[in-house]
Structures are given as structure tokens and as C-alpha cells.
Amino acid sequence: MAHSGPMTDWRKARLPVIAFLAPATIIYTVFMIYPLIDSIRLSFYATPSGGEAAFVGMDNYRTILADPDWAATFWNSFWNNMKFFAVHMLIQNPIGIALAGVLSLPRLRFRNSYRTLMIMPTMLSVVIVGFIWQLILSPVWGVGADLLDIIGLKSLFGPWLGKEGSALITLSFISVWQWVGIPLMLIYAALLAIPDDLVDAAIVDGATHFEVFWYIKLPLVLPTVAMVSILTFVGNFNAFDLIYAVKGALAGPNFSTDIMGTLFYRTFFGYQLQLGNPHLGATVASLMFLIILAGVLFYLFAVQRRLARYQL
Amino acid sequence: MSFKNIRREDASRAVIVHGILLTYTLVALYPIFLVVINAFKTRKGIFRDPMGLPNAETFSLDGFTKVLAKSNFEVFFYNSFMVTIITIAIVLLLAAMAAWALSEYKFPGNTVLALYLAIGIMVPIRLGSVSILNLIVDLGLVNTLTALVLVYVAQGLPLAIFILTEFMHQIPKDLKEAARCDGVGEFKIFFAVILPLIRPAVATVAVFTMIPIWNDLWFPLILAPGDGKQTITLGVQQFIGQYVTDWNAVLASLSLAIIPILILYLIFSRQLIRGLTSGAVK
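Quick note, the sequences are listed as chains A and B, same order.
The working numbering numbers the first residue of the first sequence as 1 and each following residue consecutively.
The working numbering numbers the first residue of the second sequence as 1001 and each following residue consecutively.
Worth double-checking, as some hints may not be accurate.
Chain A regions said to be covered by chain B (calculated; three or more residues, Cβ under 8 Å) [unchecked claim]:
1. 15-22
2. 52-61
3. 96-107
4. 166-175
5. 194-203
6. 210-222
7. 271-285
Restricting the straight-line Cα-Cα distance to at most 27 Å, the calculated cross-link-like pairs of lysine-lysine (DSS-like) are [claimed, not checked]:
8. A:Lys154 - B:Lys1176
9. B:Lys1106 - B:Lys1176
10. B:Lys1188 - B:Lys1176
11. B:Lys1106 - B:Lys1173
12. A:Lys12 - B:Lys1188
13. B:Lys1044 - B:Lys1106
14. B:Lys1173 - A:Lys12
15. B:Lys1044 - B:Lys1070
16. A:Lys12 - B:Lys1106
17. B:Lys1070 - B:Lys1106
18. A:Lys12 - A:Lys83
19. B:Lys1066 - A:Lys12
20. B:Lys1188 - B:Lys1173
Everything labelled a hint here was simulated from the structure, so no lab data went into it.
Small disclaimer: the values here were computed from a predicted structure and weren't measured.
We put the CB at the ideal spot given by N, CA and C, even for glycine.
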């Protein structure tokens, strides 16, 4: 942010300044900040059957993290979520960066058309994307096997979404297919902002386009890569729609696709014979909040600071 | 290296570059294309020749007829449309006002307030769902579109304020000073001078606000799941859950959900990218 600060002294215009700020601040506080804080408060309470809500300290956290049944479910969803995130970091972001690099090559024809079309899946609802892939991967339809046949890999096809060992990875790839547009867009925008003379000088000295990308452009856009990573982290640990649409709230088979979002939903609303529990739900949400907060703080203090010095 | 060689090298490089880009474009679009073409086929056509275009023999609108007869698709559309449009209008106005105050006036706590309003960019509003539901119950707004609008406005404001504040810093000082010298009031400066100037940023903000709302499943599911109040995403999810074995109907309902958003995207994509590349989001 290279601009100067605000210019006009507000004492000349107290009423307008308050009137400009109040509506946004109030709605945001009431419907976003208050619920986030109140959720944390609720996680320290419990409602005994037929009774009033009472303060129980850390009991709910002890239940989720130490009760044998709950802890197994919680850590299962946590590690599944980590795998889900790892696939995005290892597959989605490198593909997005590579495509952005190709797309930002000088004198490329049809640049805008490619960009518009490649980002299209990102604009669709996660639910719709889940159903699209559920149909394509369905052994009943068989179009997935036909597509693999084109590249000679038909023998690999299987009911991936239905198997305990492959369902989570398959869902992660579906999510990657949808969200590649985000790193692609943001890193492409960052690459365009690099001054031409830096690149031209290297080209004149005989560097190839790949060398220019790897040694000059990529180090310069590392802050954007870091930002994309933290956005991926927050998005992944907040994900729900895809698993719910394809696998339902039970995140089958046998909870192998259960992530924090689906666990939160089940705990809050209940499923089958288990009743929903708002206090335990709030506890799961607070734990998700802590995980996301840890990620964001790590980004702000460990990553962003170290990278800032590369910025132009 | 002779001139001819450079030419040849350029040509082979172009083949590789376009090969990569075309392959990925195909990967991104083919699944969508497959669903849309099969929505226009008979059941036989869907299973016998899934990759073929609908022809005289396989063309059928059965799926669409069924979807429109068995569900309230018009209602889902109307609900999603109203929620999205009203939310965008409110977010744009309130965010522009707040962004203007933050970027224009020196007052104590300016930076703190800007940071406070930015928390929501990183912290997902879903984590407050338990309390949001309590709040909506207390307000008597369960199963209303108003509940969704209120939550979505709160969700959309942080990023909108951030983008618009950055944008407002670029407005030339002379414009404001000229208006002030003429004795124009602060409200009038905002509504008559500033609001018209931020039009280029409006498209970017509108798209960033619209996409997550239109596509959301979570809040419609917990705040307004009742009959007649479903948004398109929830409606499609419930419809497909019910008619999962009816391939024509499933493919048609997916196409009905996909096509409008793709048309809107193609119309707005240029503004969206321009907003991004002009440095509105860093």
C-alpha cells in the first residue's frame, strides 16, 4: 500500500463520518463478529436434558478431544482435512502457478479466451461440481471409463468415490479441478505487474523463458504464492459443500471422507439416532477457528514477513 | 543463429504453449460440456453414446419437462436472484460509504477500525453458525430470505470494503478539493462526486460478492431450508437427492443451474479480470 493516509480532518464532518461508517460496522458486528465470539462462549456451556444452559468450563473440549468415541471422530476428520489440504497444496497450486506462467508469456495469442475458459469451473457451485463428477465417475454411466480409454488407461477405472481407500483423494481432486482458477487468477495478475524491463534485460542476455520464469518472475511473486496458500488453507478447513453433496452428512464410506466441516454439521444438527448439540457444535467450530487462526498467524508472522523483502 | 532458425523455434514453442493451454482448457470444460449435452438426450442416448452430441434420434427435452413439473425451479431461481441482487446492492452502498470514510477522513481509531473490518476476509462466517441460527430464531426470521440477506451482507462487506478503500485512494485529490471549495456538503460529495467515480470497481466487487452467495449451500441449509424458500443450490441438491436414479432429470437440473451462471460469467469476466489485474486485490 503505497498511498498516503486519509487527508481530511474528521472534526469538520463528524456527523457524515459516523453516518458513513455506522451501517456497515453495525451489520458486520451483529451478524459476523458477535456470532463468532458468542459461539466461543457457547462452547463453555452445556444444557442438561430439561435444564437451563450452565457453565461447564472446558468439559465440552474434554469430550471432543478425550472421550474415546468423540476423539477418534475428531482426529479422523482433522487428518482427513490435512490430506485434503495437502492435495490442494501439492497439485492445485503448482498447476495454477504453471498455467499462470504459460499464460503470461509475451505475445501470446488468445490469452484472454484461455484465461476466461480455464477459470470457468471456479465460478460454479461446489454442489453442482460435486454432482457433475459423481455422474462422470459413476460406473453405472461408464463415461469415466470411456474417457480413460482414450488415453489407454481404461484398466485403472474403478468406483473410486465408493471405496474407503480412494474416496477422499478422489474428492480432493474434484475440488482441485474446481479451484485451480484461484491460484491461476491471482498469480497471473501478480506476474503481469512485474515490470517488462526486468524481463527484457534477461532475455537480451540469452535467458530462456523458463529461466526467466524460474529465476526472476517466480521469486518476485512468492508473496502472492504465500497468500494463495493461506487462502487454500482457510478454504479447505472451512469446506463442507462438496462432501455433503456427494457423500451426505455421514461422509461415507465409513467416515473416510469426513472433514471438519461435515463433523461440525453433524455435531450441531445431529444425524440418524444422535441428536444435534449446539454446545458441542460450537466447540467443534471453536476448534476449527483455532486451527484457522494458527494458520493465519503462521502466515502473517513467519511467512509474509520473510517474503516482504523480495517485494519490488 | 539465423533468422530462419529463430522463426522455426518460435513456431515449435508456440505449438507446445498452445498445446498445454488447450489441453487444460479441455480438462476444465469437457465435464461441464458432457453434462449439458446429455441433458438434451433420451435415456437411451445418455447411456449408449454419452460422448456424442444429441442428434435427431437421441434429442429429447424429457429431463427439463420433468424438472419443471416436479420441482419449483422458477421459485428457486427467484429466491436466489432476489437474495443475490438485494445483497449486492446493500453491500455496494454500505461498503462504499465505509470505504470512503476510512480513506478520506482522519479520525482516531481509523487504522484499528479498518483492521477490525478486515477480520472477516480471513475468518469464515460459517464458524459462527450456531449463534447466527440462535440470532435468526430470536429475530423470528427462520425460513425467510431476509435471514440470508442479513448474513450474506455481513459476509460480503469485509472484502468489498477492502477493495473499495484501495480504489478510493486513487481518486484524484483535486476533484474533492474543488467540490469543497464550492461549499458542497460532505454527504453530497460522496453521493454526487464519489459514487459515480467508483463504477469501475463496482463490477469486481459485485462478482466477488455474488459468486459465493449464489453458490452457497451452508446457510440456505441451516437458515432457510423450508419449502418455497430454497435457493437454487439447495433446491438442486434436494431435487437430485430425491430423483437420483432419474438421469434425464438429474442432468437437466444440473444444466439449469449451470447455464445462467456461465452466461453471467461470460458477460462479467472482462471486468472481473480487469479489476484483479489493475491491482484491486493484492
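| field | Claimed coverage, the region 194-203 of chain A by chain B - three or more beta carbons nearer than 8 Å | value | violated (count 0)
| message | Next pair to validate is lysine 1106 (chain B) with lysine 1173 (chain B); report whether the Cα-Cα distance is within 27 Å. | response | holds (15 Å)
| query | Taking 27 Å as the top limit, are the C-alpha atoms of lysine 1070 (chain B) and lysine 1106 (chain B) close enough? | reply | Answer violated: lysine 1070 (chain B) to lysine 1106 (chain B) is near 58 Å, above 27 Å.
| Are the Cα positions of lysine 1173 (chain B) and lysine 12 (chain A) separated by 27 Å at most? | With Cα atoms ~17 Å apart, lysine 1173 (chain B) and lysine 12 (chain A) stay inside 27 Å; holds.
| Within 8 Å of chain B's CB atoms, at least three CB atoms from the region 210-222 of chain A: coverage verdict | violated (count 0)
| query | lysine 12 (chain A) and lysine 1188 (chain B): Cα distance at most 27 Å? | reply | Since the Cα atoms of lysine 12 (chain A) and lysine 1188 (chain B) sit roughly 15 Å apart, the hinted pair holds (cutoff 27 Å).
| said: Next pair to validate is lysine 1188 (chain B) with lysine 1173 (chain B); report whether the Cα-Cα distance is within 27 Å. | reply: Between lysine 1188 (chain B) and lysine 1173 (chain B) the Cα gap is close to 16 Å, so the pair holds against 27 Å.
| Holds or violated: lysine 154 (chain A) to lysine 1176 (chain B), with C-alpha atoms at most 27 Å apart | violated (66 Å)
| query | Between lysine 12 (chain A) and lysine 83 (chain A), does the CA-CA distance stay at or below 27 Å? | reply | Given that 27 Å is the threshold and the Cα spacing comes to 55 Å, the pair is violated.
| said: Just to be careful, I want the Cα atoms of lysine 12 (chain A) and lysine 1106 (chain B) compared with a cutoff of 27 Å; is the pair within it? | reply: Between lysine 12 (chain A) and lysine 1106 (chain B) the Cα gap is close to 10 Å, so the pair holds against 27 Å.
| query | Is the straight-line distance between the alpha-carbon of lysine 1044 (chain B) and that of lysine 1070 (chain B) 27 Å or less? | reply | holds (22 Å)
| the region 271-285 of chain A covered by chain B? Criterion: 3 or more residues, Cβ-Cβ distance below 8 Å. | Since three or more residues must qualify, the claim that chain B covers the region 271-285 of chain A holds, with 4 doing so at under 8 Å.
In the structure shown, a violation is registered for the earlier hints numbered 2, 4, 5, 6, 8, 13, 17, 18, 19, in ascending order.
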